[in-house]
Amino acid sequence: MTRTRLLSVVTGMLALFVVTASPHAQVGQGLADLNAVPEATLATMPSMTPAIAKAFVAARPFNTIVDANTFLLGQKLTQEQITPLYEKAFVHINLNTGTAPEILLIPRVGKRMTREFEEYRPWVTMAQFDKEIGKYVGAAETNRLKQYVFIPLDLNTATDEQFKTIPGLGDNMLREFKEYRPWKAKAQFDKEIGKYVGPKETARLWRFMTIK
-19 MTRTRLLSVV
-9 TGMLALFVVT
1 ASPHAQVGQG
11 LADLNAVPEA
21 TLATMPSMTP
31 AIAKAFVAAR
41 PFNTIVDANT
51 FLLGQKLTQE
61 QITPLYEKAF
71 VHINLNTGTA
81 PEILLIPRVG
91 KRMTREFEEY
101 RPWVTMAQFD
111 KEIGKYVGAA
121 ETNRLKQYVF
131 IPLDLNTATD
141 EQFKTIPGLG
151 DNMLREFKEY
161 RPWKAKAQFD
171 KEIGKYVGPK
181 ETARLWRFMT
191 IK
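Residues -19 to 192 (the numbering used here) are what the sequence shown spells out, left to right.
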């Protein structure tokens, strides 16, 4: 096989991987979850200090990025100081319920994008996001924006691949998610998952969930 032919085959295989893998991702990849970043790591991120990181960790989980942002402003940081942090870590936005104030906290996003996010609701897959948002800003910017968002995962039907897109989710928790199927209510999730990880981590994980 010639080098040109080999490159063509490899490129084709990579393209196939992207096409087949992208529908599985329901939580944007590439950014840390501000609700899960270890305190020592958080303290090294832009504009953070050990004292702010300690207070932030004690106060989380934050239900939205607006809540986290309000807390950081209360630590005497300016918005200009906070925004670089969001290039590294964020509280992911629910594509189907996220508000304009949440969306506008994504670095370099304007009011037009808040309208586009809302126009195509309900979002069902990330492939849909790629198609619709890509029409306006192109693939590179769509991929950047996708890091900041998620589509809720149905506890009763989500695949292993989809569950594994949740930041910080290990194999043990994946087994617990599947063991208690069929899930019927959030109270059941709080009780069963809370036995293993406590209320704060249970609340963080629930943000990514739905029961249909």
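A few of these clues could be false.
[Claimed, not checked] Calculated lysine to aspartate or glutamate pairs in the EDC-like style (CA-CA distance at most 16 Å, straight line):
id	residue 1	residue 2
1	68	13
2	180	13
3	111	121
4	164	141
5	144	134
6	111	99
7	166	141
8	192	99
9	56	67
10	180	60
11	111	96
12	158	121
13	166	151
14	164	181
15	158	172
16	115	134
17	115	99
18	111	134
19	68	19
20	144	156
21	175	156
Hints are computed from structural coordinates only; laboratory data are not their basis.
Exercise for review: Go through the numbered hints given earlier and state which of them the structure violates, listing their numbers in rising order.
Suggested key: 4, 7, 8, 9, 10, 12, 13, 14, 16, 18
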